[in-house]
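Q: Read off the chains here:
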Amino acid sequence: MYKVVVPGDFISTEVNRAGDGTYVEDGNVYALKYGVVDDRGTIKVVALSGKYMPVNGDVVIGKIVEISFPYWIVDIASPYEARLRKSEFGRGENIDFGNMCEYLDIDDLIVAKVMNVDVMMRIDLALKNEFKMDGVGRLIEVSPTKVPRIIGRSGSMIRLLKDKSNCFIFVAKNGRIWIKGSSADMDIASQTVMKIANEAHTSGLTDRVALFLDSFKSEKGEG
Amino acid sequence: MKEEKIELIKDGKRLSGRGFEELRSIKIEVGVLKRADGSCYFELGDNKVIAAVYGPREMHPRHFQNAKMAVVKYRYNMAPFSVDDRKRPGPDRRSQEISMVSRKALDPVILRELYPKTAIEVYVEVLQSDAGTRTAGINAASVALADAGIPMRDLVSSVAIGKIDGEVVLDLDAKEDNFGEADMPIAMIARTNTITLLQMDGRFKKEEFERGLKIAMSGCRKIYELQKDALVKKYSKSGNEE
Chain F
1 MYKVVVPGDF ISTEVNRAGD GTYVEDGNVY ALKYGVVDDR GTIKVVALSG KYMPVNGDVV
61 IGKIVEISFP YWIVDIASPY EARLRKSEFG RGENIDFGNM CEYLDIDDLI VAKVMNVDVM
121 MRIDLALKNE FKMDGVGRLI EVSPTKVPRI IGRSGSMIRL LKDKSNCFIF VAKNGRIWIK
181 GSSADMDIAS QTVMKIANEA HTSGLTDRVA LFLDSFKSEK GEG
Chain Z
1 MKEEKIELIK DGKRLSGRGF EELRSIKIEV GVLKRADGSC YFELGDNKVI AAVYGPREMH
61 PRHFQNAKMA VVKYRYNMAP FSVDDRKRPG PDRRSQEISM VSRKALDPVI LRELYPKTAI
121 EVYVEVLQSD AGTRTAGINA ASVALADAGI PMRDLVSSVA IGKIDGEVVL DLDAKEDNFG
181 EADMPIAMIA RTNTITLLQM DGRFKKEEFE RGLKIAMSGC RKIYELQKDA LVKKYSKSGN
241 EE
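Just so you know, the sequences run in chain order F and Z. Going by our numbering, the first residue of the first sequence is number 1, and it counts up by one from there. Going by our numbering, the first residue of the second sequence is number 1, and it counts up by one from there.
Don't read these hints as lab results, they were simulated from the structure. C-beta atoms are modelled at their ideal positions from N, C-alpha and C, and glycine is treated no differently. A couple of the hints might just be wrong.
Only part of the chain Z face toward chain F is listed, based on derived beta-carbon distances under 10 angstroms [as the list claims (entries may be wrong)]: (1) Gly55; (2) Glu58; (3) Ala70; (4) Thr118; (5) Pro151; (6) Ala190; (7) Thr192; (8) Tyr224; (9) Leu231.
Assemble the whole structure, with the sequences as input and the hints as a guide.
A: Right, dumping it as structure tokens:
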């Protein structure tokens with residue numbers, strides 16, 4: 001069973017095991033966030049809500065909000081905007097002030113990797129190989145704190161979801177989820193993702209999700 | 001004013017039937033607003049307040065950004081229908097002051113340095129008022145901040161004490177506030193006994209002040225437990241549903 005803590009709750013006296021979401025004061029470990037305690041390895045508090053904070057190497061889904069030569073300004077569902085330099089398209093391309101929008105226009109969605117975050121919270125992105133989302137499929141947004149749960153331990157949950165819903169599902173670190181498949185399948189997949197997000201703090205979730213997905217299948221068979 | 005003086009204490013009980021060191025009934029609900037990052041509905045007797053937290057998000061206007069830490073914005077607002085005589089809507093001198101002191105009451109627990117250049121916005125709306133709305137607002141705001149997943153050292157709890165008919169009592173209601181002799185709201189971090197807000201209206205003798213502070217601090221501890229319970233309950237409840 002997961003233990004829910006609130007900021008300032010005493011967790012432990014093992015100061016050298018204190019990890020993310022905790023702080024140490026007078027030889028005690030206290031919770032820094034409202035969340036559940038993860039006691040495996042270091043003592044962590046996994047928050048139940050909160051904004052995405054970019055970390056180098058994260059793969060995110062972003063939306064172009066502004067074109068400002070030589071950058072595209074990208075919204076990555078974080079308090080900070082990221083930027084994508086035109087050189088990401090390669091040196092061969094002749095991108096200038098006028099034709100930037102032919103490569104990526106405002107409101108376009110892209111899959112990108114966080115290359116660098118500096119102290120001033122300037123965020124540089126790099127394009128992934130298949131970065132264009134071309135308006136295919138659906139995008140749903142959940143709290144980035146639920147992402148580890150949607151993926152599951154060593155990807156068990158996401159594998160289950162992909163197999164049973166027949167969808168292509170891509171979960172980005174910033175909580176944006178891209179689903180591609182037939183309309184009915186996407187309905188099932190997005191409902192399931194929302195269910196996982198809402199029950200992320202409970203145990204035995206993978207089994208319940210499996211049952212939930214099977215219930216759709218039996219409905220279809222009867223109808 | 002003297003001739004219409006009313007008796008606030010009868011047979012060792014207050015008008016509301018409470019003892020001297022008794023809080024009003026408290027109800028806390030977490031996550032009541034869907035579109036806010038964190039929210040809380042708080043009832044303290046007949047006070048009804050709702051707090052919403054947004055952020056951390058980009059600070060606007062930009063020149064108010066702090067390059068080293070997040071800026072906390074706090075807006076305390078009374079609804080026009082929250083009092084007997086309609087209140088003129090919008091910010092006034094009183095609500096601006098309360099917004100400022102409430103913000104300063106919460107500032108010490110928030111780890112603002114983790115989110116440079118951003119704003120953490122707290123909106124507190126008073127729907128119904130019966131004395132002690134600033135303390136109710138701070139209680140609600142601190143729960144809403146936790147609900148928004150904002151890193152905090154602790155929760156802040158707040159309560160007022162006052163003096164009526166020469167007695168020091170906890171948590172004044174509107175009648176006691178209007179006809180009483182003094183009123184002192186405090187806010188504190190319950191675990192470390194750190195006081196983050198202390199205002200006083202009226203006069204206390206030194207020993208009354210000291211006794212009052214003790215009563216207020218024990219009141220804050222009670223509220224702190226309720227705040228914690230409400231937050232923990234939000235997730236243990238939805239876990240048992242299925």
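Q: Identify whether the interface hint at Tyr224 of chain Z stands, where standing means a beta carbon of chain F within less than 10 angstroms of its own.
A: This interface hint holds because 9 angstroms falls under the 10 angstroms limit.
Q: Should the hint that Thr192 of chain Z touches chain F count as held when the rule is a Cβ pair under 10 angstroms?
A: holds, 8 angstroms
Q: Close enough to count: is the Cβ of Thr118 of chain Z nearer than 10 angstroms to one in chain F?
A: With a closest approach of 4 angstroms, the Thr118 of chain Z hint holds.
Q: Once the shortest beta carbon distance from Leu231 of chain Z to chain F is found, is it less than 10 angstroms?
A: holds, 5 angstroms
Q: Can we keep the Pro151 of chain Z interface hint, with Cβ of chain F closer than 10 angstroms?
A: holds, 5 angstroms
Q: Take the shortest C-beta to C-beta distance between Ala70 of chain Z and chain F; is it under 10 angstroms?
A: For Ala70 of chain Z, the interface hint holds, since the closest Cβ of chain F sits about 8 angstroms away, which is under 10 angstroms.
Q: Is the interface hint satisfied for Gly55 of chain Z? The criterion is a beta-carbon contact with chain F at less than 10 angstroms.
A: At 7 angstroms from the nearest chain F Cβ, Gly55 of chain Z passes the 10 angstroms test, so the hint holds.
Q: Would the hint on Glu58 of chain Z stand, with a C-beta cut-off of 10 angstroms toward chain F?
A: It holds, given that the least Cβ distance between Glu58 of chain Z and chain F is near 6 angstroms, below 10 angstroms.
Q: Given Ala190 of chain Z as an interface hint, is its Cβ closer than 10 angstroms to any Cβ of chain F?
A: With Cβ-Cβ at 8 angstroms, under 10 angstroms, it holds.
Hint compliance for this structure: no hint is broken.
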